[in-house]
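2 protein chains.
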Amino acid sequence: MVPASMSAELIAVGSELLRPGRHESNTVWLAERLERLGIPVSGRRIVGDDPARIASAVAAAVRDARVVIVTGGLGPTEDDRTREGLAGGLGKALVRDEDRLAALRDLFQRFGRPFHESQASQAELPAGAEFLENPLGTAPGIVLESDDRLVFAVPGVPAEMRRMFDEQIAPRLAGFGTPLRRRTLKVAGRTESQVDLAVADLFDLPGTESSILIGSEGIELHLGSRGSSAEQAGKRLADLERRMSERLGPDLYGRDEETLAAVVGGLLSAANRTVAVAESCTAGALAARITSEPGSSAWFRGGLIVYHDDLKLSLAGVSSELLELHGAVSPEVAEALARGARTRCAASFGIGVTGIAGPGGGTAEKPVGLVHLALDDGVAIHRRRLRQFGDRLLVRRRTVVAALDLLRRRLLGVETG
Amino acid sequence: MVPASMSAELIAVGSELLRPGRHESNTVWLAERLERLGIPVSGRRIVGDDPARIASAVAAAVRDARVVIVTGGLGPTEDDRTREGLAGGLGKALVRDEDRLAALRDLFQRFGRPFHESQASQAELPAGAEFLENPLGTAPGIVLESDDRLVFAVPGVPAEMRRMFDEQIAPRLAGFGTPLRRRTLKVAGRTESQVDLAVADLFDLPGTESSILIGSEGIELHLGSRGSSAEQAGKRLADLERRMSERLGPDLYGRDEETLAAVVGGLLSAANRTVAVAESCTAGALAARITSEPGSSAWFRGGLIVYHDDLKLSLAGVSSELLELHGAVSPEVAEALARGARTRCAASFGIGVTGIAGPGGGTAEKPVGLVHLALDDGVAIHRRRLRQFGDRLLVRRRTVVAALDLLRRRLLGVETG
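From first to last, the protein sequence lines stand for chains E and S. Quick note: the first sequence uses the numbering used here, first residue 1, plus one each step. Quick note: the second sequence uses the numbering used here, first residue 1, plus one each step.
One or more of the hints may lead you astray.
Listing some non-contacts, in silico: residues in chain E with all C-beta distances to chain S over 10 Å [claimed, not checked]:
no., residue
1, 136
2, 210
3, 241
4, 300
5, 388
DEER-style ranges, computed between Cβ atoms [stated by the list, open to error]:
no., chain 1, residue 1, chain 2, residue 2, range
6, E, 325, S, 272, 42 to 48 Å
7, E, 137, S, 115, 56 to 62 Å
8, S, 108, E, 158, 48 to 54 Å
9, E, 100, S, 239, 50 to 56 Å
10, E, 131, S, 21, 49 to 55 Å
11, E, 100, S, 203, 47 to 53 Å
12, S, 127, E, 100, 25 to 31 Å
13, S, 246, E, 191, 52 to 58 Å
14, E, 131, S, 136, 50 to 56 Å
15, S, 201, E, 137, 33 to 39 Å
16, S, 394, E, 192, 29 to 35 Å
In short, the hints are calculated from the structure, not lab data. Quick caveat: nothing in here was measured; it's all calculated off a predicted structure. Note that CB positions come from ideal geometry on N, CA and C, so glycine has one too.
One chain only, chain E, in its complex shape:
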């Protein structure tokens, strides 16, 4: 027998959650929320709509942990067996709350809907438990506090579950764990090991925890801090973030959910400038990313997709001599593409992209993954050479990120990292 620890066990109920290809997401969300409260998750279970199996899972969970949260199976249909399973697993009788039943009937009457007898099951709960109100649906939740344990059941509808957790469960868990605060710092233009070198000594600050991850747009620093109070945790996080920011300087481009496209759009908009592109290997992916931001017509003009070499000439005005002399994948052609984008699309900035995304087309001299970027601001040209590993999708995605970062640094007036 394991001594129950100050941790949480999560049980998702629903036969549909066991189907192939199905990722259960309620317990993933709950684990994230519980972590913020400083309560680690010691187990996650998915069980079908079977009262005996639910009971077995609940019994095991209350043996193992002091907090148990069950999601799903609280509706009025035949399939909804969580109330029964919960009572069974806790060794309690399932009782009917007559006040709740009357209130339910009343609710249906007020909305002019017929009350089916099956609805009455929603007024049942294990003896000694209380209801949790559901502001978004008819199925109430359940809470039972006994023997140092806190057991919750909430509906599986994500919106209902989330709101009930935040408003009714989280307050009851306050004081159980050590509050945690999190922040993600996003870094462009540096490798993982460069970021590690720059900030590694800050990983050991008391009460904090940090890790480096490779995100979809570059390197991410995931910071966390704990404290005896939310305030202390918040103060520690702010201090850690300030010190990290100083080290990272302009390589730090955003926080949490901020994207590079949004950051660049904001800078262009603030400077009242516009951008246009001439893309070869990315073939529209850079423009599509820039315009994924609502309102991007304020800063994006348009672009040229010059996949074939003759279009580099006819659409972007690259000279055939330049192409012959240096080849399509060269700094010189990238520069000419940037100029072509800026002038032909009448933008403040032009970005040129040319490279080899693979899997074919590489040579010993110009291998798959080689990309040349250029930014023309009307006065000077800013260049960048990328040498990337990975498949076609990755090479294109990283090229888009590097192009956005090149523009970001020009707008900030800082050198490319």
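Given the coordinates of chain E, assemble chain S onto it according to the supplied hints.
Relative to chain E, chain S alone:
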């Protein structure tokens, strides 16, 4: 106590799997494989690297189901406690296999690597169990057959787990379930209810099961068939697929993992034709999708991203009269864009896209989600008007799909659905 059913319980072991934001994927993969064998999954559990918790999960699993598969925790480190937990949960002693130990020592010696005492744990297993060979790593798996139950443990490294399942576990499960075969049919240019209407009566064919889903590129029909043998299941599936295909006709564009971009690329390539685009609201997303296919330089020429109206004139040759008369979002401008794409990029086909992706820019007459597409094949113009609901991302994504489908139908010589 639940009577053990002909189902499988899956247990993923690893404290890291309980971290917030982490989707555990081994049991999702296993559920899909087990379904093909006709064995339903009755429960999935994730537990940390704690032998007592692993034992408790295993004990519950063998109570509930006849097949139990545990993944992870079989390596040589301190954290790897699955062997211990498995023995505990099955009520067996953990014993050391001296032959296996000698073989392990031998293996390390042959590869010139030092043998640490911790490695010896990999020669341990519950009494009565046998090892499963791991062709991709050093940690062997374990299988124990007793009391009508089959309990397996395999490493958590996905490649090792998958190969061991396919080669060593699946054969042992043959005959346990009713074999299932699956196929996905992909449909473009019809709504969910149109597809439903066309094929609904085929949903009831004996031994088959089908469902309609909305996929990322359109409607998907997920077909399944069961049989007493894999052959019978396969025959039923082939028959169902043939009948569905007859009903769907040219609206059926692909199967399983096929994408619309790959299908269109194949058709263009076979016909030795090329395409170019002029995109307004999708701003490069169509071109990026077409060129996501390796080898697309054989059929994609290039394109014009004409986000601002003046570029529709200067880059694509749309006349200012046309723009003034009909507005940028109109069939006429889509047609002029298609022609501009074809002629200026010297392609066999030109596709023009203009619309309102939102969230801003809509009017009562031309609301957010209105998109006009045109395809110019050099002889005739093929048009399509879309009226979509959803956010910016969805409107753009569906527009890309509709544009690819317009070209696909032209290449097949069939009318737009």
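Hints versus structure:
no., hint, result
1, 136, "holds (22 Å)"
2, 210, "holds (15 Å)"
3, 241, "holds (19 Å)"
4, 300, "violated (6 Å)"
5, 388, "holds (16 Å)"
6, E:325 to S:272: 42 to 48 Å, "violated (31 Å)"
7, E:137 to S:115: 56 to 62 Å, "holds (60 Å)"
8, S:108 to E:158: 48 to 54 Å, "holds (49 Å)"
9, E:100 to S:239: 50 to 56 Å, "holds (53 Å)"
10, E:131 to S:21: 49 to 55 Å, "violated (31 Å)"
11, E:100 to S:203: 47 to 53 Å, "violated (40 Å)"
12, S:127 to E:100: 25 to 31 Å, "violated (53 Å)"
13, S:246 to E:191: 52 to 58 Å, "holds (55 Å)"
14, E:131 to S:136: 50 to 56 Å, "holds (52 Å)"
15, S:201 to E:137: 33 to 39 Å, "holds (35 Å)"
16, S:394 to E:192: 29 to 35 Å, "holds (34 Å)"
Of the hints listed earlier, those the structure fails to meet are numbers 4, 6, 10, 11, 12, in rising order.
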